[in-house]
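J.: Start from the sequences, fold in the hints, and give me the full structure.
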Amino acid sequence: MTNHSASFEKNMKRLEEIVEKMNGDVALDEALELFEEADKLVRTCQKKLDDAQSRVEKIILSRSDENQVVKEPLKLDSE
Amino acid sequence: MRMALETLLLTMNNVFMENILTDLFGKPLDKRPSQRTCAKLAAKKGANEPITQEVAGEQLKKPLQKKLLSASPDNGSPSQKAKEVDAHLSSTQNPSAAPPSLPEDSKKQQGPASKAAPLSVSELTLSIKSQLEMAYGHIIVQGEVSNFKRHTSGHLYFSLKDEGAQIQVACFQASAQKLRFEPRDGDQIIIKGQLTVYKERGQYQIIAKSLEKVGLGEILLRLEALKKELKSLGWFDSASKKSLPYMPERIGVVTSPTGAVIRDIVHVLSTRHSGFQLILYPAKVQGAGAALEVAAGVRFLNRHKLCDCIIVARGGGSFEDLMAFNDRELLTAIHESELPVISAVGHETDFTLCDFVADLRAPTPSAAAERALPLKAQLYEKIQLNMSSIRSNMLSLLRQLESRMQSLAKSKLLEDGSSFLHPCAQALDDLAMTSESKVKERLDRERNRLLHFKNRASPFILHTLVERTKARLFKSSNNLFSQMAELKMRFSSGLKERSSQLSYRMQQLKQNENFRLQAIKSHLSDKIFKQRLEAFQNHLRSLWISIEALSPKSALRRGYAIIRNHSKILIKNLSTVTIGEDINIEVADGKLQAKVEKITLNSSHPKEKL
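As you go down the protein sequences, you meet chains F and E in turn.
When the letters of the first sequence are read in order and numbered with my numbering, they come out as residues 1 to 79.
When the letters of the second sequence are read in order and numbered with my numbering, they come out as residues 1 to 610.
Treat each hint with caution, since some may be false.
[Unchecked claim] Simulated restraints on C-beta separations: (1) F:D51 / E:Q531: 22 to 28 Å; (2) F:E57 / E:G289: 20 to 26 Å; (3) F:E57 / E:K241: 37 to 43 Å; (4) E:K241 / F:K21: 30 to 36 Å.
Source of the hints: derived by calculation from the structure; they are not laboratory data.
Don't be surprised by glycine CBs; every beta carbon is placed ideally from N, CA and C.
T.: This is how it looks when you write it as structure tokens:
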């Protein structure tokens, strides 16, 4: 799994944890901290979604070296 | 078991000829079916071959005669007819015919025709029909499909042919439905069925009960064995299936780089998420080597960690087209994949072993794309939902904080910081007063001493002395007072400074907390109140709908009526009604004034009193 998606997934899970915690009984200090953390997480997640750019690529198979990864943008035949 | 088409027809030809001739000439012909045909048949036939030449010949004699006898009731009684036939047959002995052709037969029949009536076309056809259907009631024949037609009724019609012959085949809808493949011109197939004669057209044809592609049975058997084996290895267990990533950063696709499949996938992905990433491993998806290429793709994407999940895709196709996805090498690659694999092979109704081994089976490539990538809008929504829940919790906590702050602020201690200073000031005053009285006391004492001197000494000396003393006293008294004043000033300014510092800090503290509260509140309130308002509106709307539904007006629209008596009281049962009473009936669009003429108590409620 690539790092980015792992972090998105982790952030979302942490956010859900915070929701869970704040639904229970929390001291004010902790609540403020959690709130700030959640705010940061939301910003990060949203930014991740906002910034994402679509990329469609094709692997170019190399006969000489199987372990070589060469990619090029994929062009689809017109409909 | 199987018969080549030519053999079948040849056999039919011989049986048919022999029996016709046998029946017509009263005894079997010397000429037997050719040795070649018999040998071929013997070589091909299994133990349960439905007919053999000899048996068929014996079996067919009786039915034909019976059929001939019963098939012509118009031409007199059965016995009469039998006699005629016998006479006819005995008169046309031709033991040496080898084998005579039909035209020759007819010529020979011309002679004694005056004695025996000719057969009608129906009689002849029925005779042929009964013999053929009896002899070929159960056949298995192999040949090539040509002229295939599917009728709108669902029946299939085609010719089955080989190099030397062809025969018509019909496969009716009930049987056609059960076929595992769609026959196409050129297919080698094996038909199980029976031969019939369509007498209206004088055609014979095979009614196929089942069709099978040559070799398909073996393939299916092997497939079934592989399926069983993989199942016993636990490759299909749902427990071992990997779950798909929440939001894959990159989606790997192994399929053909051309064609509709990859286009459909890209299209679906782009409608779901504006920022997806796809990496295609181009592979052949049908024909020789396809399975290995797809397997290599799955392994390549795994080895280089190029994506978070893999879609193995192929469009719809025939059973053979999809065979690559039943290949053991490919199935192994999918089973060993560390990345979750979605199988999207063929259409919804197509199943391959790939579907069972993959972590998820999608009915189509487009569906696979949908399963792989969550809707971006849904992700946003989820984030928002979480955050608003956190915010509302935070808000209620802040409310608690605020009320606690307010109660603190009201307490006297903090209301005015200078209250600390009051006791200090008083002490200072006390001190000052004490000092003053002490100075006065000393002055008085000195004055008394002076007066004493004055009384005793000479006026001049006294005067100087007094003046001197006075000056001294004045000086020291002045010093004392200024010292006192300075002390007092210093002390009180220190106090003041302290006090103002204290109250400033208190104020700052209060301001800070207020500011923080305000900031957080304003940060939260907009969205939350909007949401609350919306929720409230929704609630109102749903209430309104249920009120509407409960309203008697809607009941009136459905045909019910409200009946009141003259004093506007609802009439719910007969006990409140009397004959001749005026009543008011309300229906959906107005009111009626009516008079009660008759009261009939419902017999099904005998206990209800009037």
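J.: For the range 20 to 26 Å, tell me whether the beta carbons of E57 of chain F and G289 of chain E fit it or not.
T.: holds, 24 Å
J.: Using the Cβ atoms, figure out if D51 of chain F sits within 22 to 28 Å of Q531 of chain E.
T.: For Q531 of chain E against D51 of chain F, whose Cβ atoms are near 27 Å apart, the range 22 to 28 Å holds.
J.: Do E57 of chain F and K241 of chain E keep their Cβ atoms within the hinted range of 37 to 43 Å?
T.: Violated, since E57 of chain F and K241 of chain E (Cβ atoms, about 28 Å apart) do not stay within the stated range.
J.: Does the Cβ pair K241 of chain E, K21 of chain F satisfy 30 to 36 Å?
T.: Because 31 Å falls inside the window, the suggested range holds.
Hint compliance for this structure: hint 3 is the single one not met.
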